[in-house]
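**Student:** Below are the chains, spelled out letter by letter.
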Amino acid sequence: MLDLIWLLPTFPLLGFLILALAEGKLAKGPAGWIGAGSIGLSFAVAALVAVSFLQSGLESHTVPIWTWMSVAGFDPGVNLYLDGLALVMILVITGVGFLIHVYSTGYMADDPDFSRFFCYMNLFVFAMLLLVLGDNLLLLYLGWEGVGLCSYLLIGFWYDDPYNGYAARKAFVVTRVGDTAMAIGLFLLFAQLGTLNIQDMLHAAEAEWAVGSSLPAITALLLLGGAVGKSAQLPLQTWLPDAMAGPTPISALIHAATMVTAGVYLIARTHTLFELAPNVQLLVAWVGLITLLMAGFTAMTQNDIKRILAFSTVSQIGYMFLGLGVGAWSGAIFHLMTHAFFKALLFLGAGAVILSLHHEQDIFRMGAKRKQLPVGFLCFLIGGLALTAFPYTSGYFSKDEILIAALEVEGQGIWLWLGGVIGAFFTGIYTFRLFFVVFFGESRGHHDATEVKGLNIALPLFILMALSLFGGWIPVPLDAVFSHGAEHEEHHISAFMHGVMIALPLAGIAISYLFYGSGILSVEKLMSLPVSRALHRFWNSGWGMDRLYDFLFVNPFLYLARVNAKDIVDAFYDMLAALSRAGHLLIVRTQTGYLRWYALSMAAGLVALIAIGVLL
Amino acid sequence: MMGAIPVEHGLILAGILFSLGLIGVLTRRNIVFVLMSLEVMLNACGLAFIVAGSRWEQADGQIMFVLILTLAAAEVAVGLGLIIQMYRRFQTVDINVLSELKG
Amino acid sequence: MILTLLVALLFVGGLLAWFSERINPALPRWIALAVLAIELLLMLSLLGADSVNGPENGWLAAYNHAWLPRFGISLQFAADGFSLLLLLLTAFLGIVAVGSAWSEITKRAGFFYFNLLWTLAGVVGIFTALDLFLFFFFWEVMLIPMYFIIAIWGHENKFYAAKKFFIFTQVSGLIMLVSIVVLAWFHYLQFGFFSFAYQDLLNVRMNRNMEMWVMLGFFIGFATKLPSVPFHNWLPDAHSQAPSAGSIILAGVLLKTGAYGLVRFAVPLFPNAAAEFAPFAMTLAAISILYCAKVAFAQSDIKRLIAYTSVSHMGFVTLGVYAWNELALQGAVMTMLAHGLSSAALFMLAGALQHRIHTRNMHEMGGFWGRVPRMSAVALFFSIAALGMPGLGNFIGEFLVLLGAFQANHVLTIISAFGLIFASVYSLWVIQKIFHGKYSDSAFDSSRLLDLDNREMAFYAAMMAGLVWMGVYPQSFLDLSAPTLQALLESQAGAAAVGALQP
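Protein chains in written order, with my numbering: chain A, 10 to 625; chain B, 63 to 165; chain C, 4 to 506.
Pulled out of the complex, with its shape left as it was, chain A reads as follows:
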């Protein structure tokens, strides 16, 4: 059974090929069946693989398919590698992916480019599966770039609007900056260790490099560059909020559940390298912490329902990075999984709300929708509770694990922990701000909203609700993967600390209620202070990062491109041409066209020649 994992990426690939070759001439029915069905088949295979893998008790299993290339000792294969980590990932990708595909058959039902949508979606799942199954970094890189491409295509799916195109290109180019750093990391790894096979490379690194030496630090930094690009962490986080220009299922699948967590996967996959570079690992924690706080502030100031969720995603991935940075490898992956459940739920719920309100995304034009949209209400209630780590929902377990591990870091542990807990407090505020504004208070528009009908929309939502509530009890088989990491199984944490971790998110919810649920505290009064207005503006713009990058990189590039559109090097050759033309004008004066002038110059030349002959 385990040898059948090559079927996993094959089904989506076939789906993609069929839909692509049909050139959109397929009716929506068959196109939907192919698009969602291929992922369903993959999920079935993944489930079977999971069962037999867990029963076999193997630590890992490699399925070689073919040798990609073999040049001078560089011989990456197209080989699939399955271990506990990959297993969790493929289950999340195909499972959540399948639910989102089913949901999309309802959500996109009225779109004329229905089959193109599923074509890209299937290609995405194919690339994402290769990313997590590849046994070498080059195959991982293939999947890595492939998901980036699909992300680009799907963000710009509604290509009529130039803004969507801009958002899509921004996403691709910004992540490409990180990808390039990662590619350089691959060059360095190969030059130093002679292989890109992940397991061989990690063993070689352990054997050859000392802990804390510079080479593992540099390679880990370069890989981190790739990870922050893909996972929208500081300093490359700016693309994710704009990526919400795509259809909402895309935001759920790519920009919440799977692709953006690829950076977390990459670091977990190469965790040995980061353990060899403790400083870089600590940097990962700080990157995560700062990102989660910054995104938390920004999320509190947004009005667009999807942008709030986008900043929340950035913030939650920040938690995963924090987990990676403090050595809670399983905790980070566990949070990746639970986050996939509840964030997919939130996005799909948001999609249902948006569709019910005729593509309205501004939360302040909603209000009091809990009666009209009971399913959406339930989605946001359950998803929001899981997101704020309400006790015994899925998010509670995973966030707990990360924060407790943070506390155990020597020296800076208390700060990392404190930052994480404050972030959780913000999470409570912004999540329930959204919740109260949309579903309570008075209706501020779209009074006629009716719930979107259809089993293919409702069923995935209910399954995701169940997963968000109870996903915390799913055991993740990661012990073998991270066995030599620090031991986090025996947590000793004071009851007070634990109390704080539970209380602060609840306090956040309470503050939200005071401001938005009951109106006891007034937002207007708060906003009347100049300082809060300025802060609001600053946070709302994402801490001015877009402006900064425009100023530092984009505008200089555009300026240089504009002034040099004619290619300055050409001027040199134009100058040569002008010089020879000037010479021509000079000499052409001797060509009078009169016979006697030519005869005279011949005679004169003759005399001159003779004279020279005589004189010399």
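Derived from the structure by calculation, the hints contain no laboratory data.
You may find that some hints are simply not true.
[Claimed, not checked] Listed below are the simulated DSS-like cross-link pairs for lysine-lysine, each with C-alpha atoms no more than 25 Å apart in a straight line:
#1 A:K462 - A:K37
#2 C:K110 - C:K161
#3 A:K380 - A:K462
#4 A:K575 - C:K161
#5 C:K110 - C:K166
#6 A:K575 - C:K166
#7 C:K441 - A:K34
#8 C:K166 - B:K164
Using the hints, position chains B and C against chain A.
**Tutor:** The following block gives chains B and C in isolation, referenced to the frame of chain A:
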């Protein structure tokens, strides 16, 4: 022996004839006269060859003269043909009209 | 023998195509197609051939006949796996070019196909000639018909472009000729007889300065053709003015002759000077990659844009060649092949667009996806191939180049790697300007904006298949060029590669 005439005299005469011909080529506007002046120059060369041949008592000089004579005849034939063409096309024999090679 | 047949067939086929126009104006294109198809089959027959003169030297076919024995000039042809790959690319793109000209060229079709076939004859000669005099002969043969193709069938500014192309390549070619003659002269001084044969010239030793100067002559000749900054200025003009068939041949094949020359001649003939020069060449390569990517982004003429991206991509080839290790060289060869296909396809698309709406200005286009979905999807495919998407040939080439070059020079490789970012900027910009955005046909007559027909689609499908093949299983190509490159590397002078080739 015909050594009565010194070779210098013959060469000077040839030189004078050549210069006269050259002046004619340079100053005349009528193309027929230009052609005639050219003939004078050719014959001046021929004279120089004859004088040199007699000085060295070699037949080469006379052979060269015959060659020049033939050349001149051919040249006149071609030249007159061109002049007739020119007259037909431009209705003139003024050489200054033909200045299309001006750069 | 088969190699002389390859060259002769193209020359004769060209004449036939020219004269056949009097019988029927549709005949030349059929003749050209038939000739190129036969060429392709002949080349494919070489794939299974055993090496001549023993299995170790890698030459699959060879031919040698005296031409001017007094100066040691002979008609010496030979092909190994590396040449064969480029020959196959030449024949394949030749067919594509004929396909693209099929309905586009109606004026003086016979003479057009004559020029096309003679250009290709020159190219085939270049890829097979092992006598440097013969090599130079073909170098010139390739040039003049191409001049006519641009000057007669080009667009609005064709004479300027044709002259620029001619002067650049002619001047650089003459500089190379001087180098060839000086090299032969040094051979005479050292061994007492003239020879222009590659394997003889490999043994010539010169003092350091002289070697550098002669090497520079070769480098300028090849770098102009490649082209590399600062010799690239003929390319944007030539490409934007040439008819699409001309652009396909220029970008797909002619540029590769420069790269071939670098690998085959400029480095092996002058190992010491090349090693000394390598950092400069790699710097030029890095500048080419970044500078031309930036200039490409600023263009509004789609063909000029693609032309500048060509310079940028060929920078990776230079980088790989001067890194001079197996990874980088294999990467350079893969880049040559993959860029041949992807740029040819992009030029063909640009030509198809111009043929339909009579403009190349991207600012007048937009939102074509809704009108011509097939063409848009094809353009998207080749754009993402050009930006180095893994799984397609260009990625394999550029990744191997960078992987190999990193071992030779960290800093320049890292700088060049930024080209990957720039490539994504301009590639996606093209897609945005032409195929995405709001559709508007205020600037052109949209009545003939039709989607690709099946004949056009067949050519694009073939090129797509080629790129996917290169990206998914590049080993078929790597195996062919490996013996050549290993032999070149093994003996720095490369003598081992040809030592055994004695007719």
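**Student:** All the hints need checking, so say for each whether the structure fits it.
**Tutor:** Going through the hints against the structure:
With a C-alpha separation of about 18 Å, the suggested pair K462 (chain A) and K37 (chain A) falls inside the 25 Å cut-off, and the hint holds. At most 25 Å may separate the alpha-carbon atoms for a hinted pair to count; K110 (chain C) and K161 (chain C) meet this at roughly 15 Å. For the hint pairing K380 (chain A) with K462 (chain A), the CA-to-CA distance comes to about 15 Å; that is within 25 Å, so the pair holds. Distance check on the hinted pair: K575 (chain A) and K161 (chain C) sit about 18 Å apart at the alpha-carbon level, within 25 Å; holds.
Our distance criterion of 25 Å between C-alpha atoms is met by K110 (chain C) and K166 (chain C), whose separation comes to about 21 Å. About 19 Å separates the Cα atoms of K575 (chain A) and K166 (chain C), which keeps this hinted pair within 25 Å; it holds. Restraint check for K441 (chain C) and K34 (chain A): satisfied, since their Cα atoms lie roughly 23 Å apart, inside the 25 Å limit. A distance of roughly 24 Å separates the Cα atoms of K166 (chain C) and K164 (chain B); the hinted pair therefore holds under the 25 Å criterion.
This entry satisfies every hint, going by the numbered hints stated previously.
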